[in-house]
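2 protein chains.
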Amino acid sequence: MAIATTSVTAACQSAKRASRALAGAETASKDRALERLAELLGERSADVLEANAADLTDERAAGLTEALRDRLTLTEERIAAMAEGVRAIAALPDPVGEELDRRRLDNGLDLRKVRVPLGVVSVIYEARPNVTVDCAALTLKSGNAIVLRGSSYAERSNAALAALVREAAVEAELPEGAVELLAGDRSELEQLATAEGLVDLVIPRGGEGLKQALKAVATVPVMYAAAGNCHVYVHADADLEMARRIAFNAKVDRPGVCNAAETLLVNAEVAGAFLPGILADLTDAGVVLVGDGRAQAAAAGTDVGEADDADWDTEFLGMKMAVGVVDSLAEAIAHVNAHGTGHSEAIVTGSDDVAAEFTEDVDAAVVYVNASTRFTDGFVFGMGAEIGNSTQKLHARGPIGLRELTTTKYVVHGDGQVRG
Amino acid sequence: MAIATTSVTAACQSAKRASRALAGAETASKDRALERLAELLGERSADVLEANAADLTDERAAGLTEALRDRLTLTEERIAAMAEGVRAIAALPDPVGEELDRRRLDNGLDLRKVRVPLGVVSVIYEARPNVTVDCAALTLKSGNAIVLRGSSYAERSNAALAALVREAAVEAELPEGAVELLAGDRSELEQLATAEGLVDLVIPRGGEGLKQALKAVATVPVMYAAAGNCHVYVHADADLEMARRIAFNAKVDRPGVCNAAETLLVNAEVAGAFLPGILADLTDAGVVLVGDGRAQAAAAGTDVGEADDADWDTEFLGMKMAVGVVDSLAEAIAHVNAHGTGHSEAIVTGSDDVAAEFTEDVDAAVVYVNASTRFTDGFVFGMGAEIGNSTQKLHARGPIGLRELTTTKYVVHGDGQVRG
Chain A
18 MAIATTSVTA ACQSAKRASR ALAGAETASK DRALERLAEL LGERSADVLE ANAADLTDER
78 AAGLTEALRD RLTLTEERIA AMAEGVRAIA ALPDPVGEEL DRRRLDNGLD LRKVRVPLGV
138 VSVIYEARPN VTVDCAALTL KSGNAIVLRG SSYAERSNAA LAALVREAAV EAELPEGAVE
198 LLAGDRSELE QLATAEGLVD LVIPRGGEGL KQALKAVATV PVMYAAAGNC HVYVHADADL
258 EMARRIAFNA KVDRPGVCNA AETLLVNAEV AGAFLPGILA DLTDAGVVLV GDGRAQAAAA
318 GTDVGEADDA DWDTEFLGMK MAVGVVDSLA EAIAHVNAHG TGHSEAIVTG SDDVAAEFTE
378 DVDAAVVYVN ASTRFTDGFV FGMGAEIGNS TQKLHARGPI GLRELTTTKY VVHGDGQVRG
Chain B
18 MAIATTSVTA ACQSAKRASR ALAGAETASK DRALERLAEL LGERSADVLE ANAADLTDER
78 AAGLTEALRD RLTLTEERIA AMAEGVRAIA ALPDPVGEEL DRRRLDNGLD LRKVRVPLGV
138 VSVIYEARPN VTVDCAALTL KSGNAIVLRG SSYAERSNAA LAALVREAAV EAELPEGAVE
198 LLAGDRSELE QLATAEGLVD LVIPRGGEGL KQALKAVATV PVMYAAAGNC HVYVHADADL
258 EMARRIAFNA KVDRPGVCNA AETLLVNAEV AGAFLPGILA DLTDAGVVLV GDGRAQAAAA
318 GTDVGEADDA DWDTEFLGMK MAVGVVDSLA EAIAHVNAHG TGHSEAIVTG SDDVAAEFTE
378 DVDAAVVYVN ASTRFTDGFV FGMGAEIGNS TQKLHARGPI GLRELTTTKY VVHGDGQVRG
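Chains as they are written, first to last, in our numbering: chain A, 18 to 437; chain B, 18 to 437.
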């Protein structure tokens, strides 16, 4: 194993040193490292699979649920998909050096605002080895060093993959410290979140527990890869066949992810016409339904349990959905703003005015008209890949891609200007 | 007095309600409110001056230093300058609705990324009544509600000014809650910094004590209006006359502000030729000098004390400067990155390559070539005004103007698209 467990401070210091060289690295060098990484993933897939098998047969892994075990498992196909993702990132434009503004001030100063890397980014993630490669590739391309803090369940898989990234970086004459890997010790979290001056941004990918743990201690900036309590609202003038497809897709296509819908809201005028069909579809697909009294009454024989207060605020992340009937667009918007997490919200309507009111008044990262919430994704949005999805309003809102991993610098040239 | 002391929660809730209406407000309404505010500042200046006189004669004010008393004092001229500032903000482009990206995705979805207001911004500030008007005007133009938390020393002045802003807002049919004012009770800080769901951003303007107090408790995002330990580095190939003007201006023009220089670094090759002149200039202007051994040796009779370790890390905010001699550009850059606060850094050099290395490798919000650090300012940068200066890397770096008070929203239109 090329990477030994290392202390948090040593890892962060190494990353910090590397970040200085990376900030000035040529696009060609970074792309060469990524192309080489994609090759290495192919050439060394047997090593990676061997490490992964050791993680999967470790006694620690015995307690994993089938779903978590599946996320931990690598295959030739999954490794090939990682390599393809890395090549896609190499093909994206380099955000570093992008000029966002340029002006000649009245006093003759030449002012430019340019994108520069953040410096050192730390990602804290669950037992999904592919995240190791996705995140390292995104930070490398954006000129940042990364301190990866993976799960101990994936220790050997992560180490094997991080070693390939480092090898590729060094072959492209980029610093080895571009990628540092921590092993998954619980005490590392607080150390990372308080590494002021060494870590510029922490991105936790994980549940509410991780988020709260970091909030309590973090002194470095944290960008939360967020929960999604997403809604589909069917207005009175909706094409009900379209609404049925969208509501079904938003819930069922991949219920375990943050852009899946958790609540279906229907205007009272069409509840009787719309609900029996969609509720039967959802039930047939295995979705457990809960609803308010009017939704239950309109269900026409489909089993809808009674929703309690907590249901409207819950990201089920599975085959369960809450169904509510509202009397107006305003009531729908108020419900979404009161219960949503500001991730992805959809309306189905035939009216441009209604759509405009919904998109303007709903306070969320992404607002859809006549489309499924499932599209919120850096790849779908043309950003190549994402390191997570942000529901906070500062710095980045929505998918976190290459540009979101940068900051800016004003570079001002003069010929002796002084003030006053 | 139109505005009574109000509870933090009630103020934040009122601002939150107002923020919804403000987010959709027409540019013309917002500009009309600002134009009316500028008029009211003229028409009611006597009321404002009366309130200010009451603050100045309050027994609390007896303990203020002359400098703090001056910042608290309003005059007809200062009120007219505020009005002029408000008109300048009215004349700026509205950032809300600005389209940052628009793409047709392969699946036919029409994706737009647009600027929207943050929501509710809270500014915590010292006893400077003009900040009340500056900040309220910036947030109003950017479609945000504001919760102002001023100093108790300026209680009556702030109340008089905030009442004018509210009157102007209401005349333009904007909600009164657009501007809420808290009185300056210490317990308000923690309440504001933990008002999750009500306050979207807190901007403290004040010293290190305030910053640390907020860091310890804040759960809502905080953007720190930052300290500036700024440097001027004079390279071996500099035009020494230019360097003398720049170094003098950066220190002396206005030593109490964050973009003033605190340390002068000089390349050893020109220390003997450069330092005697500039050090005499600085001493003549009343600057107390401390330096390393080589700076002391090159001072040629000017009194330079011995710098201790802390001097290199201190924002003097006054007539004191540290002077150091370095052997190379690399040493200068390393010194700046080790001791600077990432605010504003300047090099004086005749070489484009040297300039490029400095601007690339120095990690700061603004990097100057052959110009004074004093230019870092939202007004000078053409942003109209600023609510502070950020040295953090996330969201906003450098002057915080109208755009920096916004976030983004993806608005996606489809015709029934589903995923998978």
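Watch out, some of these pointers could steer you wrong.
The list cannot tell twin chains apart, which means a pair is met if one copy fits it or any two copies do.
[To be verified] Calculated pairs, EDC-like style, for lysine to aspartate or glutamate (alpha carbon to alpha carbon, straight line, at most 16 Å):
no. : residue 1 : residue 2
1   : K337      : E348
2   : K130      : E377
3   : K33       : E116
4   : K228      : E93
5   : K33       : D378
6   : K130      : D394
7   : K228      : E332
Treat the hints as calculated values from the structure; they're not laboratory data.
Right, here's what the structure says about each hint:
1. K337 to E348: Cα proximity of K337 and E348: none, with 23 Å in one copy and 61 Å across.
2. K130 to E377: between (30 Å within a copy, 13 Å between copies)
3. K33 to E116: Neither. Shortest intra-copy (25 Å) and inter-copy (35 Å) distances fail the 16 Å Cα cut-off.
4. K228 to E93: neither (33 Å within a copy, 51 Å between copies)
5. K33 to D378: between (42 Å within a copy, 13 Å between copies)
6. K130 to D394: Between copies only: 14 Å across chains, 28 Å inside a chain, cut-off 16 Å.
7. K228 to E332: Within one copy only: 15 Å inside, 35 Å across.
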